[in-house]
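Chemist: Protein sequences, first through last, are from chains R and S. In case it helps, our numbering puts the first sequence at residues 342 to 824. In case it helps, our numbering puts the second sequence at residues 21 to 132.
Calculated from the structure, these hints are not laboratory results. Heads up, some of the hints might be wrong.
[Stated by the list, open to error] DSSO-like mimics (lysine-lysine), calculated; alpha carbons at most 30 Å apart, straight line: (1) S:LYS23 x R:LYS595; (2) S:LYS60 x R:LYS435; (3) S:LYS60 x R:LYS660; (4) S:LYS105 x R:LYS660; (5) S:LYS80 x R:LYS435; (6) R:LYS747 x S:LYS60; (7) R:LYS706 x S:LYS92; (8) R:LYS434 x S:LYS105.
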Amino acid sequence: MAKHLILFFAIALLLVPLSPLCLSAQTPETPIPAYHPPEASQAAQAQRLAALEQQAADAKSSADNAWMLVSSALVLLMTGPGLALFYGGLVRKKNVLATMMQSFAMMAVITVVWAIVGYSIAFGAGNSFFGGLHNIFLHGVGLQPDADYAATIPAQTFMVYQLMFAIITPALITGAFAERMKFSAMLVFLTLWSLLVYDPMAHMVWGKGGLLNASLGGRFPTLDFAGGTVVHVTSGVSALVCALYLGKRLGYPKQPMPPHSVVLSFIGACLLWVGWFGFNAGSALASGNLATSAFVATHFGAAAAVVGWSAAEWLRNGKASALGAISGAVAGLVAITPAAGFVSPRAALVIGFVAGAFCFWMVTKVKSIFGYDDSLDAFGVHGAGGTIGALLTGIFAQSIINPIFKDANGKALPSGLLEGNAHQLLNQAVGIAIAWVLAIIGTLIILKFVDMTIGLRVSEEQESQGLDLSQHGEEGYYWDTPG
Amino acid sequence: MTKVEAIIQTSKLEAVKDALHEIGVEGMTVLEVRGHGRQKGHTEVYRGREYTVDLIPKIKIEIVLADDIVEKSVQAIVTAARTGKIGDGKIFLTKVDDAIRIRNDERGESAL
């Protein structure tokens with residue numbers, strides 16, 4: 342006992358001389374002026390106070406920035422390897438590399454496009470639909486915060502965080518046209534899609550002056566915390582359009598096309614779940630209470646959706662499958678995305694459970710009724726889950742979680758239907774409807790254009806050979822090579 | 021000489037191998053094969069789509085034996101591989117004209 346105490350004091354003594362060193366290393370620019378006795382001038386007091394305030398603000402900025410950089414990395418992790426593995430496992434083995442490559446290509450191509458013009462269209466100041474070209478080549482996007490978006494983090498942190506969303510959104514669509522689109526056509530289609538569908542939608546919901554922006558006074562304030570409409574409705578609905586336009590895969594639905602490795606999909610889904618904390622809790626754009634609230638809601642939504650999907654599957658098929666459980670998790674994460682920063686943990690459980698069961702029904706029943714080949718269920722999960730999540734956000738949003746609407750005196754107004762703001766459900770519907778219409782029209786036009794210029798589909802021969810070999814000249818698995 | 025081709029359940033390979041070793045059979049060739057006889061296979065469900073898997077993974081053991089131990093070997097395989105349920109497999113016997121050991125040109129039963 343005594344020995345421990347001595348050790349403790351020894352360590353404490355060692356640390357004492359270090360502590361002022363750490364402090365001065367972190368904040369060299371704003372030294373606190375020495376304490377003056379009361380008779381000192383008022384000016385010196387004010388100066389001292391200002392310096393203290395500056396230090397407090399700097400400390401908050403550092404904390405927020407640390408969380409936002411981690412969140413940015415987490416959201417990138419969702420695309421590669423998360424989504425790449427999730428989708429890669431669901432296709433046949435002759436297409437595994439090509440499918441993973443589609444997600445990976447977005448990580449590279451969309452980044453370049455974002456730097457050149459994408460960010461400007463989405464987040465530059467502009468009209469209700471379009472951000473304009475003030476920030477092309479990231480002009481004016483420096484290390485100073487942009488107070489309209491996030492007052493405590495460098496504008497570049499905000500920019501790179503939003504970039505990760507711009508990357509994953511088109512990558513989600515690839516699930517609908519898996520196993521049959523040309524690599525070249527995919528690149529052109531998704532680049533144009535990002536510029537003409539994603540960026541304007543992001544501007545409308547999150548950009549300065551955007552038509553649907555809830556925090557910056559848009560005409561129809563739509564509650565979309567982390568991208569239920571911007572990310573999931575746009576990508577999911579566009580996925581449906583792609584599936585209908587491209588037609589079915591060769592041999593579908595007669596020829597069996599089971600996933601070649603649910604194991605890969607499993608790993609991918611777990612990475613998506615983890616990455617989603619960056620996606621949703623990061624959308625607080627700070628590391629405070631709201632991030633915690635969104636984090637908890639995200640986790641609860643995902644968990645409840647696994648229960649919802651698996652229960653529905655168990656009742657219908659007599660078994661709860663692994664693929665069902667991970668699909669349910671993704672569906673729940675999708676549905677909680679718009680709601681994450683507005684709802685209580687209890688509401689998150691309800692939203693997740695409903696979304697899990699609903700998406701199960703969409704994927705197993707509705708798809709086979711209509712017969713479209715949404716190969717990896719990008720619409721059934723993201724389009725359907727995003728839509729229902731955005732609607733439920735309008736019902737469950739609470740001002741005590743996030744006082745987004747305020748009156749002239751700064752007093753919080755009710756957020757969702759259950760709080761008495763029935764009008765919000767209508768605004769949510771407007772936001773959803775705009776996302777649907779923009780996605781349908783934009784996707785159709787771009788598909789038509791790419792189809793007429795370079796052609797969308799691979800030849801029948803290439804399709805049966807597999808995209809790995811026909812598009813990339815390699816194979817995912819070389820297990821049978823003789824020694 | 022007789023070639024014995026035994027198609028058995030994958031889970032029975034170890035038991036059959038041991039039984040054959042016990043009666044002195046020294047070599048064998050084992051193949052992973054797929055097929056079905058009267059056993060109709062099973063269904064798998066992926067996101068609501070049902071697939072019937074009727075070509076079931078099996079193990080095929082090929083051995084060429086001197087005629088005097090064929091019956092004993094067949095009995096050993098049957099005893100080791102039997103579960104009594106559909107899908108236990110089959111054994112086929114064929115006459116073999118000759119056998120050649122590549123290493124030293126030995127022929128006939130001594131090459132086995």
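Chemist: For a quick check of understanding: which of the numbered hints are violated here, in increasing order?
Modeler: The structure breaks hints 1, 6, 7, 8; every other hint is satisfied.
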